[in-house]
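Spelled out from the first residue to the last, the chains are:
There are 2 protein chains.
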Amino acid sequence: MGATKTDHFSVQQNQIASIAKALGHPARIAIMEYLIKTDACICGDIVNELPLSQPTVSQHLKELKSAGLINGSVEGTAICYCINTETISQLSKYILAMLESKKCC
Amino acid sequence: MGATKTDHFSVQQNQIASIAKALGHPARIAIMEYLIKTDACICGDIVNELPLSQPTVSQHLKELKSAGLINGSVEGTAICYCINTETISQLSKYILAMLESKKCC
DNA sequence: TAATTATATTGCAATATTACGATAAATATT
DNA sequence: AATATTTATCGTAATATTGCAATATAATTA
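These protein sequences, in sequence, are chains B and W. Take 865 as the starting number for the first sequence in the numbering used here and just add one per residue. Take 865 as the starting number for the second sequence in the numbering used here and just add one per residue.
FYI, nobody ran anything at the bench for these hints, they're computed from the structure. Where hints are given, some of them may not hold.
A pair holds if it fits inside one copy or across any two, identical chains being indistinguishable in the list.
Unchecked claim - Within a straight-line C-alpha distance of at most 16 Å, the following computed EDC-like cross-link-like pairs (lysine to aspartate or glutamate) qualify:
| # | residue 1 | residue 2 |
| --- | --- | --- |
| 1 | K901 | E964 |
| 2 | K869 | E964 |
| 3 | K869 | E913 |
| 4 | K901 | D871 |
Make the full structure from the sequences, and use the hints.
Laid out in structure tokens, this is it:
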């Protein structure tokens, strides 16, 4: 075992889970915060901001990208990373809906 | 390696990450949705709702509980599970703040 | 074109997660 | 007390994640 049984759940359940999963690591939260804090697309220096090696940061960026939480575009030798508001908004709406439909307790 | 370097990140970053991580599995999303859909605390029958074995569901419930996303109280032979609005609200606020501080792109 | 700079990929070790059968624990009921 | 019901825990196997050193790739600059 060890493999998630994704096919037993709905597309939306898997989608939301994969976005949440991508945010489920402090390094990736830190990356998102840094991209937001600087109010701009960041070319480079994400590695210098984190207490992790370059390959590790690159891997985290890849996961955030594949979850649709950030976009990356080539900018010379560097790559420009930017947060993707749409995906965050999708998660936000889902969670707000959770709170709204809650009636008991 | 394989162990997350939690001590290199802030308490809040770890907190948000752990809530997101708990939601990072379709089965746990399905559990949350079921608890919300039924508009009540559910004693039992969560296992019957999911395509997973009882021990597996029990484990997922434990994770949701330890992340503070649900509460469980003994109710006879059964256990009554309920979603914890506070934790969901905490995540919601954090994500909304993300969207608000986003200015570029 | 060679050197430089920035990011990605590969390979690997350590650890974590997912899933379930078997079994235990807790509470009700007979 | 014995049985039934419900949930938790243990043990274990399969897979995933985390992290980094080494290396590769891509684009710029000298």
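For this session: Any hints from earlier that this structure breaks? Give me their numbers in increasing order, please.
Result: Per hint list: 2, 4 violated.
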